[in-house]
Amino acid sequence: MNGFTLILGGARSGKSALAETLVLNYVEAVPPHYLATAEAFDNEMVERIARHRDQRRGAGWVTLEAPHDLTALLAGLPTGAPVLIDCLTLWLTNHLLGESDLPREIDALEAAILARRAPVVAVSNEVGLGIVPDNALARRFRDEAGRLNQRLANRAGRVVFVAAGLPMVLKGTL
Amino acid sequence: MNGFTLILGGARSGKSALAETLVLNYVEAVPPHYLATAEAFDNEMVERIARHRDQRRGAGWVTLEAPHDLTALLAGLPTGAPVLIDCLTLWLTNHLLGESDLPREIDALEAAILARRAPVVAVSNEVGLGIVPDNALARRFRDEAGRLNQRLANRAGRVVFVAAGLPMVLKGTL
Amino acid sequence: MNGFTLILGGARSGKSALAETLVLNYVEAVPPHYLATAEAFDNEMVERIARHRDQRRGAGWVTLEAPHDLTALLAGLPTGAPVLIDCLTLWLTNHLLGESDLPREIDALEAAILARRAPVVAVSNEVGLGIVPDNALARRFRDEAGRLNQRLANRAGRVVFVAAGLPMVLKGTL
Chain H
1 MNGFTLILGG ARSGKSALAE TLVLNYVEAV PPHYLATAEA FDNEMVERIA
51 RHRDQRRGAG WVTLEAPHDL TALLAGLPTG APVLIDCLTL WLTNHLLGES
101 DLPREIDALE AAILARRAPV VAVSNEVGLG IVPDNALARR FRDEAGRLNQ
151 RLANRAGRVV FVAAGLPMVL KGTL
Chain Y
1 MNGFTLILGG ARSGKSALAE TLVLNYVEAV PPHYLATAEA FDNEMVERIA
51 RHRDQRRGAG WVTLEAPHDL TALLAGLPTG APVLIDCLTL WLTNHLLGES
101 DLPREIDALE AAILARRAPV VAVSNEVGLG IVPDNALARR FRDEAGRLNQ
151 RLANRAGRVV FVAAGLPMVL KGTL
Chain D
1 MNGFTLILGG ARSGKSALAE TLVLNYVEAV PPHYLATAEA FDNEMVERIA
51 RHRDQRRGAG WVTLEAPHDL TALLAGLPTG APVLIDCLTL WLTNHLLGES
101 DLPREIDALE AAILARRAPV VAVSNEVGLG IVPDNALARR FRDEAGRLNQ
151 RLANRAGRVV FVAAGLPMVL KGTL
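For the record, the sequence lines run as chains H, Y and D. Our numbering numbers the first residue of the first sequence as 1 and each following residue consecutively. Our numbering numbers the first residue of the second sequence as 1 and each following residue consecutively. Our numbering numbers the first residue of the third sequence as 1 and each following residue consecutively.
Some hints here could point you the wrong way.
[Stated by the list, open to error] Dumping the calculated SDA-like pairs for lysine to any residue here, alpha-carbon to alpha-carbon at most 25 Å:
1) Lys-171(Y) to Gly-157(H)
2) Lys-171(H) to Thr-21(D)
3) Lys-171(H) to Leu-24(D)
4) Lys-171(D) to Leu-174(Y)
5) Lys-171(D) to Leu-24(Y)
6) Lys-171(Y) to Gly-172(H)
7) Lys-171(H) to Leu-174(D)
8) Lys-171(D) to Ala-17(Y)
9) Lys-171(Y) to Met-168(H)
10) Lys-171(D) to Gly-172(Y)
11) Lys-171(Y) to Glu-65(D)
12) Lys-171(H) to Pro-167(D)
13) Lys-171(H) to Leu-22(D)
14) Lys-171(D) to Gly-60(Y)
15) Lys-171(D) to Val-169(H)
16) Lys-171(D) to Thr-173(Y)
17) Lys-171(H) to Glu-99(H)
18) Lys-171(Y) to Tyr-26(Y)
19) Lys-171(D) to Leu-114(D)
20) Lys-171(H) to Leu-137(D)
21) Lys-171(D) to Arg-155(D)
22) Lys-171(H) to Met-168(D)
23) Lys-171(D) to Pro-167(H)
24) Lys-171(H) to Val-169(D)
25) Lys-171(H) to Gly-157(D)
26) Lys-171(Y) to Leu-24(H)
27) Lys-171(H) to Leu-174(Y)
28) Lys-171(H) to Arg-12(D)
29) Lys-171(Y) to Val-169(D)
30) Lys-171(Y) to Met-168(D)
[Stated by the list, open to error] Facing chain Y, according to a computed beta carbon distance under 10 Å, are these residues of chain H, among others:
31) Ser-13
32) Phe-41
33) Ile-131
34) Arg-142
35) Pro-167
Keep in mind that the hints were calculated from the coordinates and are not lab data. Backbone N, C-alpha and C define an ideal beta-carbon position, used for all residues, glycine too.
Required output: the full structure, derived from the provided sequences and hints.
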């Protein structure tokens with residue numbers, strides 16, 4: 001089993017909490033790094049992001065914001081740092097809306113995750129279990145998110161689906 | 001394992017049928033009680049509710065309607081009565097639309113469920129696995145529903161996710 | 001275990017790829033038959049369907065298009081041919097939009113699947129795990145799709161739920 005864990009789940013399913021627990025289980029010389037992909041669009045969001053960052057700092061995390069430049073950031077982290085990426089779905093959204101070269105971005109992200117020597121836990125949303133969305137961008141996002149999840153699940157050593165805070169292990173062991 | 005079972009699933013997933021089977025497996029001196037949270041907004045709904053209630057009466061159930069006052073009703077039931085709550089998601093919807101003090105309502109409901117000596121089986125919808133809804137009330141509902149499911153799953157002795165009528169046990173045993 | 005397998009999953013979950021693998025695992029004297037239910041509404045779709053059909057031909061499949069007449073087609077296939085139906089959800093959509101006599105169509109399809117002597121693997125979408133759709137046709141579709149999945153899961157010898165390309169076995173064994 002390699003050191004890459006993918007955590008899948010719906011909105012408010014408890015996937016971030018599980019991911020944090022898994023990362024904190026790793027005892028390493030370097031503190032765990034939290035790579036946050038949310039962008040702050042308004043004051044409420046700015047405050048919420050700051051509050052969460054302060055809480056994590058108290059718990060020993062280093063928090064870095066990476067709404068777009070996740071790949072470069074990953075490559076530059078201390079070798080031994082366990083990493084939590086929260087979450088891939090927002091990173092994908094930011095690149096879709098930013099009209100990035102998506103296949104290239106995804107290739108590079110996958111390579112950067114797999115190049116890490118220390119454990120990486122990434123959180124991603126499952127968004128394909130409702131009815132087909134009316135709008136074309138939402139359909140494209142849904143397709144891209146599903147493909148990204150499949151691809152990373154294929155490379156991960158461990159994949160866990162979370163519902164109501166409870167894990168279903170799809171690959172590897174908890 | 002305590003006597004509280006949470007059944008999660010999507011629309012038309014067979015979660016109510018599984019919940020009924022589980023409650024009818026309990027043999028108690030007091031008949032099983034069915035707490036229905038659906039509200040009848042039109043004649044078709046009134047008829048459907050009445051028809052289902054008649055069917056359950058034939059099968060030995062006592063049906064009570066509790067679109068809002070589920071908590072008080074639970075506290076007043078006969079001590080030994082096994083209870084089916086169908087479903088928590090409609091109860092939450094009714095309180096969201098009714099602008100209740102939601103944290104207080106949820107605290108009280110949780111306490112009332114856990115105070116029961118006889119088994120309680122509660123049905124709840126998983127609604128967070130599609131794309132982000134356009135409208136703000138839907139997003140809030142989705143967040144509240146996810147939080148409620150996590151919270152009750154944490155307290156339940158048994159949690160089952162149902163898909164296409166088939167159970168996946170997330171906690172405890174069937 | 002009978003020879004009918006139902007594969008459930010969301011959009012871009014990898015369910016078709018798993019279904020193809022399962023069908024190709026069967027070694028039979030007759031080549032596997034692929035029953036495609038997608039309808040081509042525009043040139044892009046026509047091309048995509050043709051490209052996929054050519055790929056499958058190279059891999060030894062016979063591809064037949066059955067957006068509506070799946071049941072009659074199933075009955076007329078060579079006795080020993082393993083069959084992949086991809087997918088039931090589009091077939092259901094086509095019949096809903098075509099205002100067919102749905103209960104009769106579903107009865108006939110179920111009977112035709114169960115009458116096959118060689119293995120049948122059918123792919124179907126789980127669409128009920130998002131929030132309630134705004135529009136009435138989408139709600140009806142969601143209900144019908146959920147009922148169809150429950151019914152066929154009940155008759156299948158094997159049911160697998162796929163997320164991010166990874167199987168969760170709900171019934172039978174992989």
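> Does Phe-41(H) meet its interface restraint, that is, does its C-beta lie within less than 10 Å of any C-beta in chain Y?
Replying inline: Since the shortest Cβ distance to chain Y is 14 Å, the answer is violated.
> Going straight from one Cα to the other, do Lys-171(H) and Glu-99(H) come out at no more than 25 Å?
Replying inline: Judged against 25 Å, a Cα distance of about 33 Å means the pair is violated.
> Can the restraint linking Lys-171(H) and Thr-21(D) be considered satisfied, given a maximum Cα separation of 25 Å?
Replying inline: Given pair Lys-171(H), Thr-21(D) holds - Cα atoms ~18 Å apart, limit 25 Å.
> For the pair supplied as a hint, Lys-171(H) and Leu-22(D), is the alpha-carbon distance within the 25 Å limit?
Replying inline: Since the Cα atoms of Lys-171(H) and Leu-22(D) sit roughly 19 Å apart, the hinted pair holds (cutoff 25 Å).
> Quick one, is the Ile-131(H) hint okay against chain Y at 10 Å, beta carbons?
Replying inline: holds, 7 Å
> Do the alpha carbons of Lys-171(H) and Leu-137(D) lie within 25 Å of each other, as the hint requires?
Replying inline: violated, 37 Å
> Hey, Lys-171(Y) versus Gly-157(H), does the alpha-carbon distance stay inside 25 Å?
Replying inline: With a Cα-Cα distance of about 24 Å, the restraint between Lys-171(Y) and Gly-157(H) holds, given a limit of 25 Å.
> Within 25 Å, alpha carbon to alpha carbon, are Lys-171(H) and Met-168(D)?
Replying inline: holds, 10 Å
> If you draw a straight line from the CA of Lys-171(Y) to the CA of Gly-172(H), is it 25 Å or shorter?
Replying inline: Within the cut-off at roughly 19 Å; holds.
> Straight-line Cα separation of Lys-171(H) and Leu-174(D) no greater than 25 Å?
Replying inline: This hinted pair holds, its Cα atoms lying about 15 Å apart.
> Is Lys-171(H) within 25 Å of Leu-24(D), Cα to Cα?
Replying inline: Holds - the C-alpha atoms of Leu-24(D) and Lys-171(H) are around 23 Å apart, at most 25 Å.
>> Does Gly-172(Y) sit within 25 Å of Lys-171(D), going by the straight-line distance between their CA atoms?
In response: Holds, because 19 Å separates the two Cα atoms, which is no more than 25 Å.
The structure shown violates the earlier hints numbered 11, 14, 17, 20 and 32.
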